[in-house]
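Protein chains: 2
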Amino acid sequence: MVESELKMAALQPQRTIDELKELRALTGDDDGAQRVAFTETWVKARAWLREKVKGLPIDIETDEAGNTWFTLRGESEKAMLIGGHIDSVPNGGWLDGCLNVVAGLEVMRRIASEGTPPITVRLVDWADEEGARFGRSLFGSSAFSGTMNPDELRNLVDKNGIRLVDAIGEFDIDLDQARNATRQQKDAAAYLELHIEQGPVLESMGLPLGVVLGTFGVERHAIRFTGQSAHAGSTPMHQRRDALGAAAKLSIEIREIAKRNGGVCTVGSVVTKPGIVTAVVGQCDITLDQRHLNADSLAKMLQEAKDASERFAAEENVSVEWNRIWQIRPLPFNPELIEMADEAIRETSGTAHRLPSGPLHDAAEVVRADIPTIMLFVQSLRGLSHAKEEDTLEEHLLMSVEALDRLATKTMAWIQAQN
Amino acid sequence: MVESELKMAALQPQRTIDELKELRALTGDDDGAQRVAFTETWVKARAWLREKVKGLPIDIETDEAGNTWFTLRGESEKAMLIGGHIDSVPNGGWLDGCLNVVAGLEVMRRIASEGTPPITVRLVDWADEEGARFGRSLFGSSAFSGTMNPDELRNLVDKNGIRLVDAIGEFDIDLDQARNATRQQKDAAAYLELHIEQGPVLESMGLPLGVVLGTFGVERHAIRFTGQSAHAGSTPMHQRRDALGAAAKLSIEIREIAKRNGGVCTVGSVVTKPGIVTAVVGQCDITLDQRHLNADSLAKMLQEAKDASERFAAEENVSVEWNRIWQIRPLPFNPELIEMADEAIRETSGTAHRLPSGPLHDAAEVVRADIPTIMLFVQSLRGLSHAKEEDTLEEHLLMSVEALDRLATKTMAWIQAQN
Numbered sequence: 001m002v003e004s005e006l007k008m009a010a011l012q013p014q015r016t017i018d019e020l021k022e023l024r025a026l027t028g029d030d031d032g033a034q035r036v037a038f039t040e041t042w043v044k045a046r047a048w049l050r051e052k053v054k055g056l057p058i059d060i061e062t063d064e065a066g067n068t069w070f071t072l073r074g075e076s077e078k079a080m081l082i083g084g085h086i087d088s089v090p091n092g093g094w095l096d097g098c099l100n101v102v103a104g105l106e107v108m109r110r111i112a113s114e115g116t117p118p119i120t121v122r123l124v125d126w127a128d129e130e131g132a133r134f135g136r137s138l139f140g141s142s143a144f145s146g147t148m149n150p151d152e153l154r155n156l157v158d159k160n161g162i163r164l165v166d167a168i169g170e171f172d173i174d175l176d177q178a179r180n181a182t183r184q185q186k187d188a189a190a191y192l193e194l195h196i197e198q199g200p201v202l203e204s205m206g207l208p209l210g211v212v213l214g215t216f217g218v219e220r221h222a223i224r225f226t227g228q229s230a231h232a233g234s235t236p237m238h239q240r241r242d243a244l245g246a247a248a249k250l251s252i253e254i255r256e257i258a259k260r261n262g263g264v265c266t267v268g269s270v271v272t273k274p275g276i277v278t279a280v281v282g283q284c285d286i287t288l289d290q291r292h293l294n295a296d297s298l299a300k301m302l303q304e305a306k307d308a309s310e311r312f313a314a315e316e317n318v319s320v321e322w323n324r325i326w327q328i329r330p331l332p333f334n335p336e337l338i339e340m341a342d343e344a345i346r347e348t349s350g351t352a353h354r355l356p357s358g359p360l361h362d363a364a365e366v367v368r369a370d371i372p373t374i375m376l377f378v379q380s381l382r383g384l385s386h387a388k389e390e391d392t393l394e395e396h397l398l399m400s401v402e403a404l405d406r407l408a409t410k411t412m413a414w415i416q417a418q419n
Numbered sequence: 001m002v003e004s005e006l007k008m009a010a011l012q013p014q015r016t017i018d019e020l021k022e023l024r025a026l027t028g029d030d031d032g033a034q035r036v037a038f039t040e041t042w043v044k045a046r047a048w049l050r051e052k053v054k055g056l057p058i059d060i061e062t063d064e065a066g067n068t069w070f071t072l073r074g075e076s077e078k079a080m081l082i083g084g085h086i087d088s089v090p091n092g093g094w095l096d097g098c099l100n101v102v103a104g105l106e107v108m109r110r111i112a113s114e115g116t117p118p119i120t121v122r123l124v125d126w127a128d129e130e131g132a133r134f135g136r137s138l139f140g141s142s143a144f145s146g147t148m149n150p151d152e153l154r155n156l157v158d159k160n161g162i163r164l165v166d167a168i169g170e171f172d173i174d175l176d177q178a179r180n181a182t183r184q185q186k187d188a189a190a191y192l193e194l195h196i197e198q199g200p201v202l203e204s205m206g207l208p209l210g211v212v213l214g215t216f217g218v219e220r221h222a223i224r225f226t227g228q229s230a231h232a233g234s235t236p237m238h239q240r241r242d243a244l245g246a247a248a249k250l251s252i253e254i255r256e257i258a259k260r261n262g263g264v265c266t267v268g269s270v271v272t273k274p275g276i277v278t279a280v281v282g283q284c285d286i287t288l289d290q291r292h293l294n295a296d297s298l299a300k301m302l303q304e305a306k307d308a309s310e311r312f313a314a315e316e317n318v319s320v321e322w323n324r325i326w327q328i329r330p331l332p333f334n335p336e337l338i339e340m341a342d343e344a345i346r347e348t349s350g351t352a353h354r355l356p357s358g359p360l361h362d363a364a365e366v367v368r369a370d371i372p373t374i375m376l377f378v379q380s381l382r383g384l385s386h387a388k389e390e391d392t393l394e395e396h397l398l399m400s401v402e403a404l405d406r407l408a409t410k411t412m413a414w415i416q417a418q419n
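Residue numbers (the numbering used here), protein chains in the order written: chain R, 1 to 419; chain X, 1 to 419.
Same shape as in the complex, but just chain R (with noise of 0.2 Å):
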């Protein structure tokens, strides 16, 4: 196996370490990552990595709604996409995005330190994964995959009351042509990703890698439980129309639904009319957010949660309405690819763990332009991320992009094999 020892010695994994720890250096400081989309330190990330493949055999390219575009071609046109954000959420972590990005940018190294490859391999660094300047995640990849709505954006502001067409026109993209970067579709045949878990399961199992099923589909409601208010001193207990006695046990049994269903409920928001200590609540909002990788299930979970809530308002002599906040189905990821990943996981740590993505990702948006797509997941220590105390261990890291460039061998043979 000597060209597999070959290819083996080019990857310098603890290359992606180090440059990771320079990023850092360069866009950070004491609060955390500061790679905000949109702002001064982002294009000061951007002109880094655009540093970092001077020398190899790549165009750069940036797309209509601000993604960079790094092509190494190769004898096919047929491409293997490599994706990453090198944006960060205010006071971030180390790793959510630019982990991914710099971790293709060296599997995109051993690649091209090969020759020319069979097929064509494009990293990309997407625009504003994360949303955070004007609270709408995902902004270029959703105009990768042609769902990007441009009048829900136009008039989103940030907090300083700057509009986001007016924000993204300085860095010169036109939100009415974001979504010509549907064209970058041509040719893709696959989508790669590498991310941090951002919650507690590999580390809960003791393992350093798992395979991404998908991103869960989601239906996020607000619920209104309407009574009475009435005095705390006064109004004895059967005479009352308590909205938090109904908001509580919907709270309560939105976990057995969750569990019942093998997905997660969470109620994340309660608040409470007129919320004094003196009287019985008159109103209660929630919030309702419910996750499950299965169309059918999550439907399921939902109607249970109705149910449930109309069987409580009954109980409690309470009314209580339900509006809708959001929702997306399930996006599975491809199945030969999640083989493939299982495989390039196994031979890199020995055992592979399965599981879904609660948060959503870029590779989402892919799978809704119909590509096939796959991540993996790499421990994340205590579940933390969004936050500076975000992080995984070095050895870890190191296996994480070992695994990707024996995924990325696979898939590449996997596209020729398809041709």
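FYI, nobody ran anything at the bench for these hints, they're computed from the structure.
Quick caveat: nothing in here was measured; it's all calculated off a predicted structure.
Any given hint could be a false lead.
Simulated pairs of lysine to any residue, SDA-like, Cα-Cα distance not exceeding 20 Å [unchecked claim]:
{"id": "1", "chain 1": "X", "residue 1": "LYS388", "chain 2": "R", "residue 2": "GLN228"}
{"id": "2", "chain 1": "R", "residue 1": "LYS273", "chain 2": "R", "residue 2": "HIS221"}
{"id": "3", "chain 1": "X", "residue 1": "LYS273", "chain 2": "R", "residue 2": "ALA222"}
Pair by pair, the computed Cβ-Cβ distance ranges are [as the list claims (entries may be wrong)]:
{"id": "4", "chain 1": "X", "residue 1": "ASP166", "chain 2": "R", "residue 2": "PRO150", "range": "57 to 63 Å"}
{"id": "5", "chain 1": "X", "residue 1": "GLY206", "chain 2": "R", "residue 2": "SER319", "range": "23 to 29 Å"}
{"id": "6", "chain 1": "X", "residue 1": "GLU310", "chain 2": "R", "residue 2": "THR351", "range": "38 to 44 Å"}
{"id": "7", "chain 1": "R", "residue 1": "GLU395", "chain 2": "X", "residue 2": "ASP307", "range": "43 to 49 Å"}
{"id": "8", "chain 1": "X", "residue 1": "GLU310", "chain 2": "R", "residue 2": "ARG311", "range": "25 to 31 Å"}
Which residues of chain X face chain R? A few of them, derived with a C-beta cut under 10 Å, are [unchecked claim]:
{"id": "9", "residue": "CYS265"}
{"id": "10", "residue": "VAL267"}
{"id": "11", "residue": "THR278"}
Glycine included, each C-beta is placed from N, C-alpha and C at the ideal position.
With the hints as your guide, set chain X onto chain R.
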């Protein structure tokens, strides 16, 4: 029974209703009553009340706490007190507090019409029962009972930042002299107060009048559950430390505790942090208000709630911390006066019901001064109070004045018999 018939002839309950409407026209607006203590409208209401006693053999005195005393001197210095408060909350109802005063005035008129009474009769208009401007209720009556601590009040400010100590100075009240109002306790042998129920109990029983057994003891606490905020998508159900889970369980359990022990328990406020749709609740603050007429039962309810909170915290792998906001012991009314009030009601409307008072009243402060005390409740429509919708059927108001008058006659005889 010629004497009794004469008395009834002299009492004119309809005049009480007419005068309440006159007061409403003078001191209310489209939003309700505006007789907030230590305001010009309050001064206007009190001047109106003074006008009403002109021509009667009544001395008027304002004590150091701003309470106004109307004294009809009798053959004995021993005094029966009848109390109320002409101050209201902003946008208040037309009965809360002023019914007590105006009905008391009618009873005094009836007594005065019969010549010098065997004992002294005093009507008191307490200053600032509601505490609407500075958030501290029972100002005048707590000065009378001597439980007021001036240092706790001095720096209270209204919404415009004006200090209580300065505001009351405008009304010639010196905070450090206020407790000299305790000298008004001299010779007080009983205290009577008529009040609207401000709750739904009498209406639900179809009864106009009730005997009040005393004011509830109150335990008021802030409870904080601390778990771990986590991503709603990436954190499996069994790995969560959900602060809301424990809070929701306690919110439901305290209702069972109340029913089991015959008191009332209310969670009136829930605050979740981070309080966003996509995060498991890391910290949940709730308020708990518990009330009971029996001190041992109140203590038991508190202990049961504390035990339950520890149990739920353990179940949810979160911590719990309690902080007392306020407490007051139960203040039971005088057993002999309870019997007399029961008789007075039965003679007036046929059926009496005994019930505790959930809200505090000036009468509770009079109990703390060790003066035999009793209250009558008249039905509130829909239990509403502290709102312009506050109302009571006029036929019930007429009966309430008559019952207070009968109770006054019985009480005077009781006091006389003690000499």
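Hints and how they fare:
1. Restraint check: the Cα-Cα separation between X:LYS388 and R:GLN228 comes to about 17 Å, which is no more than 20 Å; the hinted pair holds.
2. The hinted pair formed by R:LYS273 and R:HIS221 meets the criterion: a straight-line CA distance of about 19 Å does not exceed 20 Å.
3. The straight-line distance between the Cα atoms of X:LYS273 and R:ALA222 is roughly 17 Å, inside the 20 Å bound, and the hint therefore holds.
4. For X:ASP166 and R:PRO150, the Cβ-Cβ distance of about 59 Å falls inside the hinted range of 57 to 63 Å, so the restraint holds.
5. Distance hint for X:GLY206 and R:SER319: a CB-CB separation of about 27 Å, consistent with the stated range 23 to 29 Å.
6. Hint check: X:GLU310 to R:THR351, Cβ distance near 40 Å, so the stated range 38 to 44 Å holds.
7. At roughly 47 Å, the beta carbons of R:GLU395 and X:ASP307 sit within the given window of 43 to 49 Å.
8. Our hint of 25 to 31 Å for X:GLU310 and R:ARG311 holds, since their Cβ atoms are close to 29 Å apart.
9. A least Cβ separation of about 8 Å between X:CYS265 and chain R falls short of the 10 Å threshold, and the interface hint therefore holds.
10. Interface restraint check for X:VAL267: the shortest CB-CB distance to chain R comes to about 6 Å, inside 10 Å, so the restraint holds.
11. The restraint placing X:THR278 at the interface with chain R holds, with a minimum CB-CB distance near 6 Å, inside the 10 Å limit.
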